[in-house]
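Trainee: Residues per chain are reported as follows:
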Amino acid sequence: MAFDYAKIGLKVGLEIHQQLNVNSKLFCSCPPELFKEDPEITFLRRLRPTQSELGQIDPAAFFEFQKGVRILYEANRKSSCLVEMDEEPPHPINLDAVKVVLTASLMMNMQPVDEVHVMRKTVIDGSNTTGFQRTCIIALDGWIKVGDKVIPMQAASLEEDAARKTGTQDEGKTIRYRIDRLGIPLIEVATAPVIYSPQEAQEVALAIGRILRDTGKVMRGLGTIRQDLNVSIPNGALIEIKGVQELELISTVVEYEVARQLGLISIKEELVKRGVTADVLRQDFVDVSGVFSATKCKVVKKAIDKNQKIFAVKLPGFAGLLGRELMPNFRFGTELSDRAKFWGRVGGIFHTDEMPNYGITIEEVEALRKSVGAGESDAVVFVADTAENVLDALRAVVERAQEALAGVPAETRTAKDDGTTRYMRPRPGAARMYPETDIPPQVITDELIAKISANLPEPADKRQARLTKQYNLNEKLAKQLIDSEYIAVFEEAAKTSGVAPSTVAAFLTETVKALQRDGVHIGHVSDEQILGIFKAVGAGELAKEAIADVFSWLAKNEDKTLQDAVSALGLKMLTEAELASIIDRIINANKQQIDKFGKSAFGMLMGAVMKEVRGKATPETVNKILKQKLVSF
Amino acid sequence: MSELKNSGYKGEALRLLKQANCSVGDIIKVTSKSKTYEGILIPRFGEGTDIIVKMKSGYNVGIKATADVKVERVGEGTKPTFASPPIPKQNPNLPHVVIMSTGGTIASRVDYRTGAVRSAISASDLYGVVPELGDIAKVDTEIVFSIYSENLTQQDWTHLAKKVAERIEQGVDGVVVAHGTDTMAYTSAALSFALQNLPVPVILVGAQRSSDRPSSDAATNLIGAVKAAGEAPFAEVGLAMHETVSDDAIVVHRGTKVRKCHTSRRDTFKSINGTPIAKVRNLKVTMQTDQFQRRDPQRKLVLKPDFCEKVALVKFYPGLDPSVIDFHVQRGARGILLEGSGLGHVSKFCFDAIKNAVARGVMVALASQCIWGRVNMNVYDTGRDLLSLGVVPMEDMFPETALVKLMWTLGQTDDPQEAIKLLKTNIAGEFSPRTLPQEKHLQYEEEP
Chain A
2 MAFDYAKIGL
12 KVGLEIHQQL
22 NVNSKLFCSC
32 PPELFKEDPE
42 ITFLRRLRPT
52 QSELGQIDPA
62 AFFEFQKGVR
72 ILYEANRKSS
82 CLVEMDEEPP
92 HPINLDAVKV
102 VLTASLMMNM
112 QPVDEVHVMR
122 KTVIDGSNTT
132 GFQRTCIIAL
142 DGWIKVGDKV
152 IPMQAASLEE
162 DAARKTGTQD
172 EGKTIRYRID
182 RLGIPLIEVA
192 TAPVIYSPQE
202 AQEVALAIGR
212 ILRDTGKVMR
222 GLGTIRQDLN
232 VSIPNGALIE
242 IKGVQELELI
252 STVVEYEVAR
262 QLGLISIKEE
272 LVKRGVTADV
282 LRQDFVDVSG
292 VFSATKCKVV
302 KKAIDKNQKI
312 FAVKLPGFAG
322 LLGRELMPNF
332 RFGTELSDRA
342 KFWGRVGGIF
352 HTDEMPNYGI
362 TIEEVEALRK
372 SVGAGESDAV
382 VFVADTAENV
392 LDALRAVVER
402 AQEALAGVPA
412 ETRTAKDDGT
422 TRYMRPRPGA
432 ARMYPETDIP
442 PQVITDELIA
452 KISANLPEPA
462 DKRQARLTKQ
472 YNLNEKLAKQ
482 LIDSEYIAVF
492 EEAAKTSGVA
502 PSTVAAFLTE
512 TVKALQRDGV
522 HIGHVSDEQI
532 LGIFKAVGAG
542 ELAKEAIADV
552 FSWLAKNEDK
562 TLQDAVSALG
572 LKMLTEAELA
582 SIIDRIINAN
592 KQQIDKFGKS
602 AFGMLMGAVM
612 KEVRGKATPE
622 TVNKILKQKL
632 VSF
Chain B
196 MSELKNSGYK
206 GEALRLLKQA
216 NCSVGDIIKV
226 TSKSKTYEGI
236 LIPRFGEGTD
246 IIVKMKSGYN
256 VGIKATADVK
266 VERVGEGTKP
276 TFASPPIPKQ
286 NPNLPHVVIM
296 STGGTIASRV
306 DYRTGAVRSA
316 ISASDLYGVV
326 PELGDIAKVD
336 TEIVFSIYSE
346 NLTQQDWTHL
356 AKKVAERIEQ
366 GVDGVVVAHG
376 TDTMAYTSAA
386 LSFALQNLPV
396 PVILVGAQRS
406 SDRPSSDAAT
416 NLIGAVKAAG
426 EAPFAEVGLA
436 MHETVSDDAI
446 VVHRGTKVRK
456 CHTSRRDTFK
466 SINGTPIAKV
476 RNLKVTMQTD
486 QFQRRDPQRK
496 LVLKPDFCEK
506 VALVKFYPGL
516 DPSVIDFHVQ
526 RGARGILLEG
536 SGLGHVSKFC
546 FDAIKNAVAR
556 GVMVALASQC
566 IWGRVNMNVY
576 DTGRDLLSLG
586 VVPMEDMFPE
596 TALVKLMWTL
606 GQTDDPQEAI
616 KLLKTNIAGE
626 FSPRTLPQEK
636 HLQYEEEP
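Protein chains in written order, with my numbering: chain A, 2 to 634; chain B, 196 to 643.
Since the hints were made in silico from the structure, they are not lab data.
If a hint is listed, it holds; no wrong ones were tucked in.
Straight line, CA to CA, 27 Å or less: simulated DSSO-like cross-link-like pairs of lysine-lysine: (1) B/Lys474 <-> A/Lys68; (2) A/Lys68 <-> B/Lys333; (3) A/Lys150 <-> B/Lys228; (4) A/Lys452 <-> B/Lys228; (5) B/Lys251 <-> A/Lys122; (6) B/Lys224 <-> A/Lys122; (7) A/Lys630 <-> A/Lys612.
All chains should be built: construct the whole structure from the sequences, respecting the hints.
Mentor: Here it is, written out as structure tokens:
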């Protein structure tokens with residue numbers, strides 16, 4: 002997909018969110034930790050849209066409320082208290098978190114505000130027990146340099162992370178959220194929409210990520226960083242894409258989004274050409290359950306067996322368009338399907354552009370077309386679920402089809418792991434924010450700013466030069482380290498473990514990257530564990546050759562210790578006595594050769610011993626003992 | 196003209212804003228350290244001196260007001276307009292319930308422009324906040340007063356009792372009183388004594404999370420309260436709030452047996468030494484006890500709304516200075532409620548002061564600071580001594596209800612013998628003759 006983005010007129014703005022590595026959550030003293038076990042505590046809530054002065058209500062939220070959507074929250078005692086449960090007012094803001102954001106802001110040449118005011122941003126999808134997210138601006142208007150270009154930074158904010166969705170039940174009417182993540186401090190950094198190509202978007206994100214890492218106070222690993230992209234092209238729409246987790250995916254996401262918008266614009270043009278207008282797209286839903294009474298399609302049959310309904314709607318003039326691909330494995334039909342899933346709580350839709358398929362026969366398709374009065378140029382969409390869900394789903398399908406007449410609907414989308422995006426919700430109206438009156442304003446004193454300014458972490462270029470010199474690294478390794486997440490643990494290990502810095506650096510860059518390519522979840526190994534591995538190597542308790550095996554094992558066995566890894570892998574270093582007895586055995590087994598070759602048998606013996614003890618003894622020790630033994634032999 | 200009277204600004208900030216002729220809500224431009232902030236001028240609450248501007252993004256920031264800061268008025272902000280939703284058609288077949296407001300934030304709205312919370316209690320506001328009410332009852336609203344619940348006095352109880360009585364005499368099917376939660380249990384006890392022989396229920400209701408938040412418990416509580424007031428088979432004063440931390444069941448506690456037990460949780464109200472009267476779940480009312488006065492529209496309400504304000508509560512603690520009791524006697528107290536320890540004790544160093552109080556005609560009663568359980572002043576010498584001094588034991592009433600009962604009793608009679616008789620009579624379910632364990636599950640279990 003090689004578009005001329007300058008010609009297209011692409012504009013991208015970035016919002017980078019990253020969890021802060023501080024001791025407690027933003028508005029209480031709970032540790033910022035997640036849990037995997039079954040919840041100890043569950044409670045049920047309903048969030049009610051509150052009316053603003055302008056009478057605005059978030060349409061998606063109001064719809065869910067009317068449908069009686071309830072939220073079942075999950076918690077455990079270790080990671081949440083009454084504050085996250087919305088059963089106790091928030092405590093004063095975590096000052097350590099404020100300081101981290103101030104540090105990052107000053108590194109991005111922003112101007113801190115004199116007084117921080119915490120705001121409530123209304124969010125009633127259930128991801129916040131309160132129905133709002135607490136957020137505050139710490140600094141405004143700065144810039145960073147990416148290559149030769151100056152990228153203006155709009156603001157740095159501090160906000161609480163949301164609860165994480167763990168599932169739905171009761172046909173989608175109860176949503177489960179886990180509140181362990183709720184309240185973890187997040188920094189949000191926003192650029193102006195001045196990025197003009199997918200590649201540039203990724204470079205700017207990388208540069209911001211590097212600065213955040215340089216504070217030494219951000220979390221790492223999957224789920225700790227989320228990039229939101231605002232993507233727009235002329236005649237398209239401003240699309241907010243939420244939650245790109247992998248930096249490497251950013252350029253792909255932007256490319257796909259441009260492709261999607263161009264595809265939607267061309268569908269619009271095609272519809273105009275075909276003479277399709279809004280008034281022919283009617284919400285006339287036909288019960289077609291009879292058509293499928295003897296169907297071989299598993300999904301439809303299951304619905305019929307459960308006494309659910311199958312309804313269909315005709316989309317006049319849409320034949321062929323639903324099957325048109327907008328992104329890889331994503332057709333215009335997928336757009337309709339996503340809307341149906343969101344508004345109708347259904348698993349998906351069927352449409353005639355993909356028929357016959359899924360066990361649905363040509364005869365059934367014909368009967369279907371007949372029952373809704375569809376001709377060859379029309380598409381038919383049908384859905385199987387409870388009557389209420391089916392009708393909500395088809396209503397959403399017709400609405401989305403109508404929007405196709407105007408091109409690209411402005412909406413909020415969520416990014417998938419393959420770089421494609423899916424419908425998330427309508428774009429919220431003007432941000433409805435009001436003050437969090439439970440938290441007093443926080444004054445940022447000139448003294449505090451002066452203190453932080455005087456102790457800013459060294460910028461990346463200076464640090465690279467220092468690393469090269471201080472640890473005698475080559476330029477490539479130093480640069481790779483700067484771009485890695487392991488810079489802090491590298492310095493610690495290089496200084497304290499006794500292992501050669503170049504060994505540490507090579508492992509933390511090239512080896513770790515290779516392991517990641519092989520599917521090792523590198524984020525599962527903590528800095529403390531990494532430091533432990535190198536200290537063990539430095540102390541002669543672990544062989545250098547075993548580092549990668551231990552690391553991979555720890556990544557696979559998240560709650561285990563270094564000691565567990567060493568014993569599980571059988572890597573315990575031999576004592577000199579144990580080693581001596583092995584050497585004795587090997588010498589005895591090779592008596593004839595030693596007699597025959599004398600001193601020149603050493604190399605052969607060394608090889609035989611090392612073959613047996615590799616990873617459990619250092620070559621130096623083997624060498625030493627073997628020499629002693631041969632002398633006395 | 197600059198309008199900054201209640202803006203909360205003072206000192207340099209006030210001077211700068213006045214000079215630039217700014218009012219709260221205006222669009223202003225503040226230039227500080229060569230950076231310009233443009234947005235709406237927000238009023239200040241509490242401490243602090245910075246000028247607060249709401250920027251276009253919706254965020255507020257504070258800008259330090261120093262002599263070199265420049266303030267400029269850009270223009271008048273758009274005044275907020277709130278289109279109240281139309282009142283749904285009243286269904287004449289539904290029960291008629293009056294919601295009386297006393298100043299709690301059960302129905303309030305946020306001014307998103309300034310963040311100020313304004314109470315909203317007209318019928319249409321209520322339907323706007325809780326549209327489901329239209330399917331439960333024909334609702335009327337009345338503002339009785341607008342006072343923070345901690346500022347209520349005995350005179351307010353009297354006024355409220357009279358207002359409720361008026362509506363009951365007009366023949367409504369139930370009354371709901373929206374109330375701040377801090378002193379709601381005192382008011383529920385007061386109404387229980389003042390409104391006797393009730394024909395229909397009177398239900399107090401509040402919210403632990405204000406109704407401007409999406410997670411507010413106000414709507415769920417209000418729906419439960421209106422449902423109980425309109426349809427429940429009992430006719431007593433009750434208090435309706437969340438049963439647990441979930442937005443699910445609303446329980447109605449007996450007015451004399453309920454106490455606020457947590458500073459912030461939704462299920463803060465608990466029945467003490469008793470069980471709730473009723474539960475409302477999924478819009479169904481189920482009774483939780485068979486000991487209640489049945490609804491009977493023909494029954495004639497007896498209004499006894501007077502309370503004596505000259506009553507003091509003295510909490511005993513080790514080393515309490517007995518002159519506290521003397522002080523109240525000298526100040527003309529007519530009653531003193533001692534909040535004793537354990538089964539009903541205060542130290543012997545207080546005996547002379549108590550004796551003196553009783554001799555001067557002060558009614559001295561005692562309830563236990565244990566909250567749970569019944570006083571029994573026959574077990575230890577100290578209790579027996581207090582009884583012989585003339586202290587009246589208040590059975591299984593916790594101190595707050597006992598205090599309200601003492602105030603009410605002394606509002607009914609000047610005669611000490613009559614007062615003692617009233618104190619010892621079960622007027623509104625404040626005594627339970629039998630105390631049962633309150634745990635839902637009380638099972639002995641072997642250590643596994």
